[in-house]
Amino acid sequence: MKAFQKWRSSGAGIITLFVVAVILFTTSAITGAQAALSIRSDVYSAAIELKDIGVTLTENEKPVSKRDFVPDSAYVWDEYIGQLLVDMPEQSGGSFKIGFPYQERFAVTNSGRIDEYVRVRVYRYWAVVDENGEMTEKRCDLDPSLIHLTWDNLGSDWILDTDTETAERSILYYNRILPVGESTVPFTELLTVDSALPYQVTQTTENGVITTVYDYGGVTFLVEAEVDAVQTHNGRDAIQSAWGLTDEQLETLFAQGFRIG
Amino acid sequence: MKKRRIFLFLLLAALILCASVPSAMAYFTTQTKAMGGYTVPDRFITEVEESLHDWTKEITIVNFEGSGPIFVRARAYAGSGYGIEYQSDGNWYDGEDGWWYYRPILYAQTRDEHGALVGGTASGLSVTISNIPDDPRVGESFNVVVVYESTPVQYDENGDPYADWTMTLDTGETIGG
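The listed protein sequences correspond, in order, to chains A and B. Start counting the first sequence at 14; every next residue gets the next number (this note's numbering). Start counting the second sequence at 28; every next residue gets the next number (this note's numbering).
Hint data in this document are derived by calculation from the structure and do not stem from the laboratory. Mixed in with the good hints, there may be bad ones.
What the hints assert, rightly or not - Quick list of in silico lysine-lysine cross-link-like pairs, DSS-like style, CA-CA up to 30 Å:
hint, chain 1, residue 1, chain 2, residue 2
1, A, K75, A, K19
2, A, K19, B, K29
3, B, K60, A, K75
4, B, K30, A, K15
5, A, K64, B, K84
6, B, K60, A, K151
7, A, K19, B, K30
8, A, K64, A, K75
9, A, K15, B, K29
Unchecked claim - Okay, the calculated bits of chain B under chain A, using three or more residues with CB under 8 Å as the criterion:
hint, segment
10, 65 to 73
11, 171 to 182
None of the values given here were measured: they were computed from a predicted structure. Every residue, glycine too, gets a C-beta built ideally from N, C-alpha and C.
Using the sequences and the hints, build the whole thing.
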């Protein structure tokens with residue numbers, strides 16, 4: 014025993030014990046990798062398509078934007094970003110009209126090769142836009158609630174997150190798996206800019222002259238929609254990880270009809 | 028020596044702990060987005076113009092360039108003893124409430140290919156003063172006030188336009204005779 018302790022305290026003994034520890038550690042890791050490899054081997058051909066995810070945003074049944082993984086590629090995406098509301102004025106004689114109820118049906122299509130869960134984040138706000146269409150200033154002092162977007166198919170197909178909803182942003186979750194090639198029902202129906210807009214004025218009086226300025230005059234209303242899609246494999250973990258949902262938030266979705274699997 | 032032992036022990040413990048940490052999971056996701064919008068008119072400005080001949084005022088209401096579409100109505104007032112008769116080209120109708128209403132939506136003026144202002148006018152309503160004395164005295168004058176109001180076009184759930192005269196934008200008048 015003393016001889017062992019003496020050896021253990023020596024430089025050679027310490028180094029030897031350290032090397033043995035490293036060998037033991039490495040061996041255990043290799044064993045784990047072998048186990049994973051043997052599991053993957055059984056479903057190898059299916060695992061190769063796990064990343065072929067894709068999603069498309071549609072407006073009045075027409076595709077607007079999409080991002081699809083290109084199969085058999087080295088992480089190449091087929092993507093296109095379009096513009097919303099382009100054809101809207103056609104509904105009102107060729108020009109945009111305040112107060113007119115425009116038919117605007119936004120929906121989502123699974124344009125990938127795997128089933129997925131989807132959610133949509135919708136934003137409405139006012140901004141100053143230059144002649145090139147570039148936003149130069151976001152007008153946070155103007156009221157987004159004057160941009161009315163009517164929701165559709167709530168409860169039956171879409172869940173509106175009322176806990177995080179603001180006048181500017183809304184989040185909606187499709188309440189079940191969206192299979193490959195299928196489209197959701199629309200989550201919006203009508204878009205109307207409030208007819209009270211022309212009456213929002215600011216009057217100032219100086220030297221007997223009354224000046225009336227229309228608060229929304231020359232300002233642009235913007236509607237923005239972002240679609241997020243996530244794999245269904247390990248669905249609960251995937252949703253929580255990708256969308257940042259807490260257990261409590263997920264349970265709230267379940268209570269409102271959200272279904273995993 | 029003792030310090031080296033402690034160090035190696037800690038290193039060994041760290042290696043064992045690292046081996047027990049589960050591997051990180053990556054989930055396949057994708058995302059897309061789109062945006063759109065329109066600019067609202069920067070004003071709703073109108074003005075009434077009139078011309079006078081043979082005791083008749085021709086009324087024209089102008090919706091200036093850059094303004095939003097509106098409905099307009101007009102009426103006239105004269106002093107006691109004088110009567111007022113309205114004539115319309117068919118675009119105006121008697122609302123039987125004292126006001127005459129311009130039937131079409133009045134869109135703002137626009138510019139043609141030469142840059143000249145076109146459209147944006149509601150004309151065709153004239154006001155004739157009646158009971159004019161047969162021998163008016165020189166210097167005698169009278170006032171006829173023409174008043175007009177405008178309101179932005181509103182749309183019902185079917186997209187059909189209508190006017191809400193409880194909320195008017197512009198009220199103007201002219202005085203003279």
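Taking the hints in turn, this is what the structure says about them:
{"no.": "1", "hint": "K75/A with K19/A", "result": "violated (81 Å)"}
{"no.": "2", "hint": "K19/A with K29/B", "result": "holds (14 Å)"}
{"no.": "3", "hint": "K60/B with K75/A", "result": "holds (14 Å)"}
{"no.": "4", "hint": "K30/B with K15/A", "result": "holds (21 Å)"}
{"no.": "5", "hint": "K64/A with K84/B", "result": "violated (77 Å)"}
{"no.": "6", "hint": "K60/B with K151/A", "result": "holds (19 Å)"}
{"no.": "7", "hint": "K19/A with K30/B", "result": "holds (17 Å)"}
{"no.": "8", "hint": "K64/A with K75/A", "result": "holds (25 Å)"}
{"no.": "9", "hint": "K15/A with K29/B", "result": "holds (18 Å)"}
{"no.": "10", "hint": "65 to 73", "result": "holds (count 7)"}
{"no.": "11", "hint": "171 to 182", "result": "holds (count 4)"}
Of the numbered hints given earlier, the model fails hints 1, 5; all others are met.
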